[in-house]
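Trainee: Sequence:
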Amino acid sequence: MTLPEELIEEARQYSDNFSNLVATALRQHIRKKKIEMAMQSFGKWTDREHESVDIVNELRQDRDYESSFD
1 MTLPEELIEE ARQYSDNFSN LVATALRQHI RKKKIEMAMQ SFGKWTDREH
51 ESVDIVNELR QDRDYESSFD
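Going by UniProt numbering, the residue at position 9 of the sequence shown is 9; the numbering climbs one at a time, nothing skipped.
Simulated from the structure, these hints should not be mistaken for laboratory data.
Every value quoted in this text rests on a predicted model; they were computed, and no experiment measured them.
Just to be clear, a hint being listed does not mean it is correct.
[What the hints assert, rightly or not] Restraint ranges, calculated between C-beta atoms of paired labels, are given here:
no.	residue 1	residue 2	range
1	Glu58	Thr24	38 to 48 Å
2	Lys33	Glu9	25 to 35 Å
3	Glu6	Arg31	21 to 31 Å
4	Asn20	Asp62	42 to 52 Å
5	Asp62	Thr24	46 to 56 Å
6	Glu51	Tyr14	24 to 34 Å
Ideal Cβ positions, reconstructed from N, Cα and C, are used throughout, including at glycine.
Using the sequences and the hints, build the whole thing.
Mentor: Right, here's the structure in full:
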């Protein structure tokens, strides 16, 4: 990983443990992105033709359970 020297120097003004500072910032960034992605996907499944339970039941009907006991 390569970081601009001025960013490293500025970060060291706030923390003696640079690795911990970077790890904390990265965790916060990833958490924020996950929340953003979840918020963007909210409601995308509302216009489906079938309910989730119907889809699952249809998939289960296609399985051949009897042959798995041979």
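Trainee: Each of the hints needs a verdict: does it hold here or not?
Mentor: Status of each hint after checking the structure:
| no. | hint | verdict |
| --- | --- | --- |
| 1 | Glu58 with Thr24: 38 to 48 Å | holds (46 Å) |
| 2 | Lys33 with Glu9: 25 to 35 Å | holds (27 Å) |
| 3 | Glu6 with Arg31: 21 to 31 Å | holds (26 Å) |
| 4 | Asn20 with Asp62: 42 to 52 Å | holds (51 Å) |
| 5 | Asp62 with Thr24: 46 to 56 Å | holds (47 Å) |
| 6 | Glu51 with Tyr14: 24 to 34 Å | violated (51 Å) |
The structure shown violates just one earlier hint, number 6.
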